[in-house]
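Peer 1: So the chains spell out like this:
Number of protein chains: 2
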Amino acid sequence: MIEGPDIKKAFLRISSHLHHTPVYTSKYFDTKYGASFFFKCENFQKTGSFKARGALNSVWQLSSEEKQRGVATHSSGNHGQALAWAARQSLIKAYIIMPDNAPWVKVEAVRSYGAEVIFCESNLKAREEKLEEVSAKTGAVYIPPYNYYHTIEGQATAALELLHEVPPLDYLLTPVGGGGLLSGSALSTHYFSTLTKVIGCEPADADDAWQSFHQKKLVEQVAPRTIADGLRTSLGDITFGFIIQHVHDIWRASEDAIITSMKEVWERMKLVIEPSAALPLACIRENPSFFKGQRVGIILSGGNVDLGELPF
Amino acid sequence: MIEGPDIKKAFLRISSHLHHTPVYTSKYFDTKYGASFFFKCENFQKTGSFKARGALNSVWQLSSEEKQRGVATHSSGNHGQALAWAARQSLIKAYIIMPDNAPWVKVEAVRSYGAEVIFCESNLKAREEKLEEVSAKTGAVYIPPYNYYHTIEGQATAALELLHEVPPLDYLLTPVGGGGLLSGSALSTHYFSTLTKVIGCEPADADDAWQSFHQKKLVEQVAPRTIADGLRTSLGDITFGFIIQHVHDIWRASEDAIITSMKEVWERMKLVIEPSAALPLACIRENPSFFKGQRVGIILSGGNVDLGELPF
Numbered sequence: 001m002i003e004g005p006d007i008k009k010a011f012l013r014i015s016s017h018l019h020h021t022p023v024y025t026s027k028y029f030d031t032k033y034g035a036s037f038f039f040k041c042e043n044f045q046k047t048g049s050f051k052a053r054g055a056l057n058s059v060w061q062l063s064s065e066e067k068q069r070g071v072a073t074h075s076s077g078n079h080g081q082a083l084a085w086a087a088r089q090s091l092i093k094a095y096i097i098m099p100d101n102a103p104w105v106k107v108e109a110v111r112s113y114g115a116e117v118i119f120c121e122s123n124l125k126a127r128e129e130k131l132e133e134v135s136a137k138t139g140a141v142y143i144p145p146y147n148y149y150h151t152i153e154g155q156a157t158a159a160l161e162l163l164h165e166v167p168p169l170d171y172l173l174t175p176v177g178g179g180g181l182l183s184g185s186a187l188s189t190h191y192f193s194t195l196t197k198v199i200g201c202e203p204a205d206a207d208d209a210w211q212s213f214h215q216k217k218l219v220e221q222v223a224p225r226t227i228a229d230g231l232r233t234s235l236g237d238i239t240f241g242f243i244i245q246h247v248h249d250i251w252r253a254s255e256d257a258i259i260t261s262m263k264e265v266w267e268r269m270k271l272v273i274e275p276s277a278a279l280p281l282a283c284i285r286e287n288p289s290f291f292k293g294q295r296v297g298i299i300l301s302g303g304n305v306d307l308g309e310l311p312f
Numbered sequence: 001m002i003e004g005p006d007i008k009k010a011f012l013r014i015s016s017h018l019h020h021t022p023v024y025t026s027k028y029f030d031t032k033y034g035a036s037f038f039f040k041c042e043n044f045q046k047t048g049s050f051k052a053r054g055a056l057n058s059v060w061q062l063s064s065e066e067k068q069r070g071v072a073t074h075s076s077g078n079h080g081q082a083l084a085w086a087a088r089q090s091l092i093k094a095y096i097i098m099p100d101n102a103p104w105v106k107v108e109a110v111r112s113y114g115a116e117v118i119f120c121e122s123n124l125k126a127r128e129e130k131l132e133e134v135s136a137k138t139g140a141v142y143i144p145p146y147n148y149y150h151t152i153e154g155q156a157t158a159a160l161e162l163l164h165e166v167p168p169l170d171y172l173l174t175p176v177g178g179g180g181l182l183s184g185s186a187l188s189t190h191y192f193s194t195l196t197k198v199i200g201c202e203p204a205d206a207d208d209a210w211q212s213f214h215q216k217k218l219v220e221q222v223a224p225r226t227i228a229d230g231l232r233t234s235l236g237d238i239t240f241g242f243i244i245q246h247v248h249d250i251w252r253a254s255e256d257a258i259i260t261s262m263k264e265v266w267e268r269m270k271l272v273i274e275p276s277a278a279l280p281l282a283c284i285r286e287n288p289s290f291f292k293g294q295r296v297g298i299i300l301s302g303g304n305v306d307l308g309e310l311p312f
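Top to bottom, those sequences are chains A and B.
Heads up, the first sequence stops at 312 in this note's numbering, and the numbers go up one at a time, no gaps.
Heads up, the second sequence stops at 312 in this note's numbering, and the numbers go up one at a time, no gaps.
It is worth saying that the hints were derived from the structure and are not from the lab.
Hints may be right or wrong, so weigh each one.
Identical copies look the same in the list; a pair holds intra-copy or inter-copy alike.
[Claimed, not checked] Each computed DSS-like pair below joins lysine-lysine, with the alpha-carbon atoms no more than 27 Å apart:
1) Lys8 with Lys263
2) Lys27 with Lys93
3) Lys9 with Lys137
4) Lys93 with Lys32
5) Lys125 with Lys216
6) Lys292 with Lys8
7) Lys263 with Lys216
8) Lys292 with Lys217
9) Lys197 with Lys137
10) Lys217 with Lys263
11) Lys67 with Lys32
12) Lys9 with Lys125
13) Lys217 with Lys32
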């Protein structure tokens with residue numbers, strides 16, 4: 001279980017080492033959809049995404065014996081960067097297992113924080129095997145990207161900050177991949193803003209969370225085909241549990257809507273966001289009148305894009 | 001002449017209708033160049049550039065008889081958008097003459113503010129002729145993009161805000177095209193931060209300001225060849241006068257440095273800036289140790305880029 005005080009404690013533990021990211025508004029999107037949007041800019045967060053929150057909260061709850069052994073994870077990108085950065089804050093060693101097709105900019109970023117990158121094939125089995133191998137050899141402690149209480153508590157602090165800063169929200173929208181950000185956001189609204197409904201936003205071509213939510217059982221993601229590289233993973237049992245309990249709905253968006261919405265944010269808000277961060281606006285784009293007259297929070301989850309591989 | 005109180009009055013006149021744009025810092029650039037940088041984010045300004053300041057300050061000093069006739073200008077982009085927007089704030093008509101090779105995104109933006117766009121060939125003579133024709137027909141008042149006291153007073157307010165917000169700056173760097181932003185910034189430092197040295201940053205392949213500054217006479221720009229579409233114009237006699245009097249130096253940067261620096265800001269700061277806005281960092285890139293230990297203000301002048309025409 002994660003209780004309200006756990007989230008507050010996580011906030012106190014990590015916030016002075018992170019950016020208190022700004023909340024932006026946009027006359028353009030407000031006019032377009034007739035709503036009031038509040039964008040929590042986690043693209044400006046340390047390491048370029050909200051993942052720094054969960055990683056730091058996890059690393060700082062390790063024992064000193066565990067810290068001596070270092071930390072390890074597998075990650076297609078943002079969690080890897082975040083853990084590498086969090087490990088450096090604690091002066092401990094980090095081993096990051098990355099798929100060999102990970103965006104170059106993310107691999108470089110992980111290395112720039114002093115972590116060791118170990119490549120493997122781009123499938124869950126290969127990643128897990130490589131992780132076990134590395135942990136066995138080095139003794140490093142595995143810090144999971146989402147299916148882990150300390151990670152979820154950390155991710156919950158983004159919504160906590162947003163809810164404190166803006167007028168009461170009718171809705172809060174976040175992308176959903178493994179479900180760490182969505183679970184954390186749903187827990188924060190559950191404890192601190194009861195009337196706010198949370199909607200998870202997922203690529204239609206990687207819709208395991210939507211399937212799981214509606215079938216009320218954990219459905220694994222097979223062969224995801226989406227540009228939103230942060231959202232190709234499956235939910236875990238812990239995140240699924242929180243999502244079933246506290247999330248209002250899960251919506252899906254097409255690849256076209258994702259790309260167009262991402263471009264719109266770049267052009268209109270002058271913010272570099274990654275495809276995954278565009279999911280909430282992509283879902284709104286496909287339901288343009290749903291939020292009329294409502295106050296809607298949106299977590300712009302990250303801004304790590306390979307500029308050499310833009311879809312437009 | 002423009003005195004200190006003129007700039008303060010311009011600030012009081014326009015600031016409540018504009019964004020008080022944030023000042024960002026960047027650990028990445030601080031570490032890279034050993035300096036402390038303060039980035040004034042005019043890419044977040046209304047209409048996507050600092051030009052909204054000068055345009056609004058100019059429009060609001062028209063008589064009501066002039067306002068009835070409307071306003072007109074020729075502009076390759078940002079001033080056109082800014083004047084269209086400023087005119088709409090005053091509910092008056094705007095005629096914007098644009099070269100037929102202007103970036104599409106800028107043409108659309110001008111139209112979205114309700115202004116009438118009139119195309120002409122992409123040279124100064126054609127623009128000026130078309131402007132005279134439109135003014136003769138409609139009676140619209142010409143609002144110049146830079147060589148005009150009210151415009152310069154308005155542009156000066158960006159530096160005014162920056163200087164009030166950060167510790168005393170050793171240097172302040174801005175791009176220079178027609179010289180409105182550079183003149184205004186130099187006047188603001190002259191009156192409000194005497195020890196701050198102002199450096200204008202210009203593309204090497206459109207270096208009329210550098211030529212004019214060093215030859216101490218106004219040299220016209222012929223055949224500029226730079227991706228920084230906001231900086232292809234020549235200085236005017238008024239901006240040249242202020243620049244000679246109050247600017248410390250003018251530096252030049254290669255096209256490569258401009259493109260690389262722009263990309264660096266997108267990747268590292270997650271900010272969409274246009275090529276012109278990258279000029280200060282491009283100049284620093286080519287003089288990487290010059291600012292070691294110094295506090296350096298940089299005006300990120302705008303963020304209007306055609307995402308379909310990126311140079312990377």
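Peer 1: In ascending order, which of the hints set out earlier in this document are inconsistent with the structure?
Peer 2: 1, 3, 6, 7, 8, 9, 10, 11, 12, 13
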